[in-house]
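Generate coordinates for the entire structure from the input sequences, incorporating the hints supplied.
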Amino acid sequence: MAIYEGRQSSSVLRLSLDQEHTHTHIHVMDERNTPMRTYQVCNVMEASQNNWLRTRHIARDGAQRVYIEIKFTLRDCNSLPGVPGTCKETFNMFYYESNNANLWFIKESQYIKIDTIAADESFTQVDVGDRVMKLNTEVRDISNLSKKGFYLAFQDLGACIALVSVRVFYKKCPLTVLNLAQFPDTVTGGDSALVEVRGLCVNASEEFEAPRMYCSADGGWLVPIGRCVCKPGYEEHKDFCQPCRPGSYKASATDAYCTKCPPHSSSHLERASECVCENGFHRAETDPRSMACTRPPSAPENTISTVNETCVTLEWSPPRDTGGRGDITYSLRCRKCSGDDIKCAPCGSGVHFVPRQFGLSVAMVMVTDLQPHSNYSFTIESLNGVSDLSPTPRGAVMVNVTTSQTGRNTRGQTHEQTHYSFKQNYTVLKTRSNVMTVDGLKPGTTYVFRVRARTEGGYGNYGGEIELETSHEVKLPGSKTYIHPHTYEDPNQAVRDFAKEIDASSIRIERVIGAGEFGEVCSGRLRLQGKREIYVAIKSLKAGYSDKQRRDFLSEASIMGQFDHPNIIRLEGVVTRCKPVMIITEFMENGSLDTFLKKHDGQFTVIQLVGMLRGIASGMKYLSDMSYVHRDLAARNILVNSNLVCKVSDFGLSRVLEDDPEAAYTTRGGKIPIRWTSPEAIAYRKFTSASDVWSYGIVMWEVVSYGERPYWEMSNQDVIKAIDEGYRLPAPMDCPVVLHQLMLDCWEKGRSERPKFGQIVTTLDKLIRNPARLRELANSSVCREDPTTPEFSVSTVEEWLEAIKMGQYKENFSSAGYVTLDSLVKMDVTLAGHQKKILSSVQSLQTQGTHVQV
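Just so we're aligned, residue 344 is where the sequence shown starts under the working numbering, counting upward by one.
It is possible that part of the hints are untrue.
Below, computed lysine to aspartate or glutamate pairings styled on EDC-like, alpha-carbon distance capped at 16 Å [to be verified]:
#, residue 1, residue 2
1, K843, E724
2, K874, E440
3, K490, E440
Label pairs and their computed distance ranges (CB to CB) [said to hold, decoys possible]:
#, residue 1, residue 2, range
4, D664, T938, 54 to 62 Å
5, D404, L1087, 40 to 48 Å
6, L518, E876, 25 to 33 Å
7, E1056, A886, 36 to 44 Å
8, A1159, G934, 27 to 35 Å
No lab work stands behind these hints, which were simulated from the structure alone.
For each residue, glycine too, the CB sits at the ideal point set by N, CA and C.
Quick look at the structure:
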C-alpha cells in the first residue's frame, strides 16, 4: 500500500494494512516508472465473492472528523469476456472505532459502512496493452469520532480492482494572527459543528474585547469577534506591537499609534507612555497625557476698584500669559491697614466676598461689610491647574482702597448682612458678546438669570428674569456621550476638538473610487512621521464651496472623530489648512455592503452572514450607548474590509435625510429613506435608538437576501400603507427561522417592544456558538393570496427576468431557446445565488399561473 504524507491544510494519520481473505499484494510501476505497491483482486469468474482488506489501528490524534482519500483502478466488466452477471464495478468501505490498538479479529457485523465506492473511470484490456491506466480518486469522511482510534476495511464482492493508495487525514484551522490576537492550530470539530477558539493577545498587547474566532469544518477561520490593542508605550505594526520611539509616546491602550510628544515635553527612551515636562513647565494630575505641558499664568491686569460706602467692587482683566491653559481662576487676600499703611493685618471673617473669595472663575468680586473710613489692601492672584506645582511666586497684583461712609446702627447692619447673604446664591458672569454659554450647572436644577449692560458711564438696569431648568439625565461615571457639532458656536472648534489635522504632504492620492455629495472619493496612502504607511479613503470638497457647505462637509469628521470601535469607520484626520479640504478615513477594500453582497450572491455560509450582522449590531450598540442616533442605517451605509468585518459609516448631518438617493418626502416635510425607517419616524420624525433597531431589521433582511431591494418594486406610499396595516417582509430564501424572527422583533410597531442593540448582539453570539439553531429554514415561498403581498405580471421571459433583477441573462435565455415556463428549470446561470433566485422565482410563478403569460 502506498502511503502519501504530503502536507496541506491537514494532518496525515499513519496507515498500514493487514490482509484478510483473498487478495494479491504486488509491486508495479506508475506512469513515471516509479515503484508502486498495490493491493488487487480480480476473482470475477467465481460467484459469491467476499474479499476483505483491513488496516491496522489508526490513532485519531484528537480529531473528531477524519477524511479518507483512496486511489484505485477498476476493470470494466463488459471488457471481460465470459464473466458471469455477478461481476461488480464497486466495492465497500467500512470503519470500526476502538480503544484497543491490537485487535487481531473484527466481526463483519461490527463494522460501520462508510460508503459504496464506484469508479468514474474504468479500464479495459486494450488500456492495459497501451499502458494507460485510469486512476480514480475518491474522498470520504467519518464524523464524531470519540475513541482512541479506528480500523478501516475494504470489502470486494466480485470486482476486478487494484487499490493503489489510501491516505487518512484530518483538517485543522492553521495558526493565524488577526487583530493582534494569535489563534493556535485548531483541529476541526465533528460533523459540521464550529469550534470556538479564544485568541491570545500578542506581545505587549491586552484585550479590548475578548478575541474569538470559529474554526469551520473545512479548516477555515470564520466570524472574527473582538480584538487586542497595544499597551501604553507600544503601537501596532503588522501582527505585533512595537515600542514607541524616543520623542514619541502612547498614553492609552485604545490609542491607535504612538504620537509625537506634545509641546514643552519630551521622551528619551523607548516605550514611553507619557512625555516628561521641560523645566518650568508642568502637567496636572487630571490633564490628559496628550496635553502640552503648561506653566502658571502671569498677574491679572487693568485692575479697577469702585468704592460704594463700605462696599468695594474689584474688576480686572485676565492675565496676558495664561501659561497655555484655559482653567484660569482667581483668589483674593484682604488686609486692613492702619496708620500710613505701615501696619496691616488680615481682614478676618467679618468681611464677605460675593460670589466668593477663592476659586473665582470671573474677573470681578464684590467685598462687603468693610469698616468705614478705613484703608484696605487687596492682592488678586491668577491661578491655573499647575500653579500649585510650580515653585515660582504666583502672578499677583495689589489694589489699595479707602472706604467712605460712617458706620450703621445694629439694625441696619443686620439688614445688610441678610441682604448680602442672599446675594451669595448668585454668580456674576461677564461677556463682551451678546451670547454666553454657562458650564458646570447641576442636573435637574432651576436657574434664574438677569442681564444688565455696562458702559464707561456705569451699569444699566437689569432686564427681566430668565428661568431655565437643566436636564435630569446623568451619564454614568466613565461613560462617554456624543456631542453634537451644532452645539458649538464655532463649528470649526468642533473639528479641532475631535479631528486630527494632517499635513497634505503626507497623503498620496492614487485613484478615484467614487463620488460623494461634496466631491470625489479617492483611495490612497497616508504616511505620518514615525508611523507605517497605511491605505486610506480620501473625501475631498469640490471647488467653489460655500461656508455652509464647508461646515456641513467637516461635520462628518467632527462626529466620526468621537467614535472608537472596531465596527465603526475610523477617522484618520482632516486637511483644513489648504485646498482641497479633505476627510481621511480608513480604507475598506470591499466597499459598501449592498454592492458587495450582490457581487457575491450565494457565496457565503450562514455563519459568515451572521458574523457580518453581529459586527453591525456591535457597532450600533456602541453608538446607542453614546446616545447617538444614526437615522439612515442601511446596507449601502455599511462598509466591508478584506476580513469581511462590517463597519457603520455615513455620519454626515446635512445629507443623512435630505440627500439620500433612497429618501422620499413625507407629509410632515423633509426627506426620509422610507423603506428603512420606522413608522413613528415617518409619521412624527421621532428618531431614537429604537428607530435605528427597526432599520437594523431591514439591514438583516438585505444581508440574508444578498442585497435585494426591500419591498421590491412597491412604491413608497404602498410601503407606508402596508406597514401600517401590519405587513412585514417575508423571510428571504434559505433564511433560518431564528433570523427572521429576530427581524420581526425589530419591526414591532411599539418602540418599547423592540430589542435593544445589546440584546441583539447577545442573541447573535448565541447563534454563532450554537449553529445548529440556524438549520431550520423559514418557508421562503411567498403566499400570493395575501392581499398585502406585492404581485407582478409578465408576458415574456425578458419581462420576467427584468422583474426579478436578472436582466443580464436575457441573451443566455434567448440563445438557448428558453421561451416557455417549463424550460426555465434548465439554464446557463453562472452564480449559485442567481441560480437559486431564478429557480425559486420559477417555482413561485408556476404556483400563480394565472398571473403569468409566457
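Now the hints, each set against the structure:
no., hint, in the structure
1, K843 - E724, "violated (35 Å)"
2, K874 - E440, "violated (56 Å)"
3, K490 - E440, "holds (6 Å)"
4, D664 - T938: 54 to 62 Å, "holds (56 Å)"
5, D404 - L1087: 40 to 48 Å, "holds (46 Å)"
6, L518 - E876: 25 to 33 Å, "holds (27 Å)"
7, E1056 - A886: 36 to 44 Å, "holds (39 Å)"
8, A1159 - G934: 27 to 35 Å, "holds (33 Å)"
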